[in-house]
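Novice: Here's the letter readout for the chains.
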Amino acid sequence: MNMQSMLAPAGLQAAAIERLWWIFLIVTSLVFVAVIVALVAAIVRRNRDGGPSDRAAFRGVAAAVIATAVTLIGLITVDAFTARKLASLETDDRMVVNITGRQWWWDIEYQHPLPSMRVRTANELRLPVGRVVQINLQSADVIHSFWVPALHGKRDVIPGHANEIWLKADTPGRYRGQCAEFCGLQHAHMALTVIVEPQDKFAEWIAAQRQLGPSDASEQAARGRQIVERGPCSTCHTVRGTDAGGRVGPDLTHVSARQTIAAGTLPTSRENLRKWIDNPQHVKPGVRMPALGLSRDDIDAVVAYLGGTQ
Amino acid sequence: MKFAVTVCVLGTIFVLACEREQRDLQFPSEDTRRVPMIPVTDFHAGGSPPPPPVVKSPFEDNAYAMSEGKRLYSWYNCVGCHAHGGGGIGPALMDSTWIYGGRPEQIYASIVQGRPNGMPSFGQRLDDADRWRLVAYVQSMSGHVSSDAAPGRDDAMQTTVPESRRAQQPILFTGSQP
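As given, the protein sequences belong to chains W and A, one line each in that order.
Going by this note's numbering, the letters in the first sequence line up with residues 1 to 310, in that order.
Going by this note's numbering, the letters in the second sequence line up with residues 1 to 178, in that order.
Hints may be right or wrong, so weigh each one.
Sample of chain A residues at the chain W side, in silico, Cβ under 7 angstroms [said to hold, decoys possible]:
{"#": "1", "residue": "74"}
{"#": "2", "residue": "75"}
{"#": "3", "residue": "92"}
{"#": "4", "residue": "95"}
{"#": "5", "residue": "125"}
{"#": "6", "residue": "154"}
A partial selection of chain A residues facing chain W, derived with a Cβ cut-off under 7 angstroms [as the list claims (entries may be wrong)]:
{"#": "7", "residue": "42"}
{"#": "8", "residue": "61"}
{"#": "9", "residue": "124"}
{"#": "10", "residue": "129"}
Simulated from the structure, these hints should not be mistaken for lab results.
All C-beta atoms, glycine included, are put in the ideal place defined by N, C-alpha and C.
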């Protein structure tokens with residue numbers, strides 16, 4: 001279910017890349033076999049009746065050169081058509097998403113002309129099926145690379161340089177993406193979950209994301225909110241609708257609605273949230289979030305507030 | 001003989017470099033919100049001076065902590081008031097003038113407690129390790145750490161002399177806004 005394979009494409013471009021990959025695999029395999037056969041034949045027939053005449057040698061070499069050139073031109077042509085296909089999506093009727101690569105997570109913001117309608121989330125990209133999406137890629141620190149094999153090829157995320165990638169997902173499902181450029185200690189735990197769903201379900205999801213932060217109805221959750229707002233959490237994290245407005249860590253407004261925490265490191269659950277807050281360095285050594293030294297009670301309160309009903 | 005000397009010299013350099021980048025990911029996270037009484041000046045009335053407090057930086061001359069401190073310095077928006085050391089809304093941090101003391105424990109106390117005329121208290125907002133990382137970096141801004149540990153370059157375009165090449169400034173207590 002959690003697919004991370006370019007051989008199982010879920011979009012137009014990934015399908016083009018997959019086709020190209022198969023063509024290259026087949027053609028280069030044939031070339032390899034032909035070369036090996038020729039080599040073996042040459043070894044077996046060496047020095048038989050004094051070698052080939054000059055004329056025969058010339059013919060052989062000429063044939064090999066022509067075959068090579070034809071193959072090469074053929075592959076370049078196929079490649080050019082694939083590149084055209086990859087670039088064929090650009091249109092004005094698209095959804096714009098800004099993704100910022102950070103050590104070691106993905107900061108995702110759905111754009112909207114009205115700032116209040118923008119949605120900021122992390123590590124989980126939801127896309128409506130069949131909709132063209134323009135993803136603007138930026139980096140906040142080092143070079144990362146955005147790669148969701150089921151949807152498209154890699155695109156580097158470079159600090160100080162605006163990059164973009166256009167996608168269209170045709171099959172609903174859950175696909176795994178991964179940072180594809182070594183970016184430090186926890187590069188391996190910098191995953192991105194892409195969830196492609198029907199238009200109406202997506203609309204429902206984004207409407208829910210536009211709601212303000214979690215409820216603090218229960219007494220424990222109210223205390224959790226107080227800790228998040230006044231304690232160290234708010235230095236880095238945002239919970240929309242509260243005083244917590246830090247911008248350097250993931251937006252926690254709807255953290256419990258995401259399937260994983262810490263960029264795909266752990267599935268979201270109250271127990272895992274507790275483990276994470278207690279000592280992030282134990283779960284993901286080197287991660288930017290420090291162990292805060294909160295008491296057991298405080299952690300439970302924060303989890304009661306942020307953790308939703310799971 | 002020559003070979004042995006080379007090996008010895010290289011070996012010594014190698015061993016000396018050992019603790020430079022020590023990365024203590026499991027920093028003891030005790031509740032250190034209460035800061036012991038730390039005097040903000042060396043001046044005192046009569047008698048012998050009080051004993052120095054027992055607060056010590058865990059990251060003295062730790063290159064990794066300093067580079068992390070440098071990152072936190074802009075993450076937590078110290079830059080907003082102190083700029084990159086030159087000051088602005090807040091006082092400069094790369095000169096020799098210290099209103100509330102320039103020793104590590106005094107810088108620590110200023111960060112935790114806040115100071116009059118605009119410096120907020122970050123005691124509730126930062127965990128202990130991050131405070132000390134910031135202290136280590138602030139010290140490096142005026143050359144008060146060994147130059148092999150101080151950050152040697154910026155992540156963005158370099159606009160000032162790198163911390164590792166700054167001359168050590170004397171610590172002058174002014175005790176008031178200059």
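Novice: Next step is simple, just say for each hint if it's right about the structure.
Specialist: Outcome of the hint check:
1. 74: Check failed: Cβ of residue 74 of chain A comes no nearer than 9 angstroms to chain W, outside 7 angstroms.
2. 75: Interface hint status for residue 75 of chain A: holds (5 angstroms vs cutoff 7 angstroms).
3. 92: Hint violated; residue 92 of chain A Cβ to chain W Cβ min 24 angstroms, cut 7 angstroms.
4. 95: Residue 95 of chain A check fails; min Cβ-Cβ to chain W is 27 angstroms, beyond 7 angstroms.
5. 125: OK, holds: residue 125 of chain A within 7 angstroms of chain W, min 5 angstroms.
6. 154: Violated. Min distance 12 angstroms.
7. 42: violated, 32 angstroms
8. 61: violated, 21 angstroms
9. 124: This hint holds: residue 124 of chain A lies near chain W, its Cβ roughly 6 angstroms from the closest one there, short of 7 angstroms.
10. 129: With Cβ-Cβ at 5 angstroms, under 7 angstroms, it holds.
Hints 1, 3, 4, 6, 7 and 8 from the list above are not met by this structure, while the remaining hints are.
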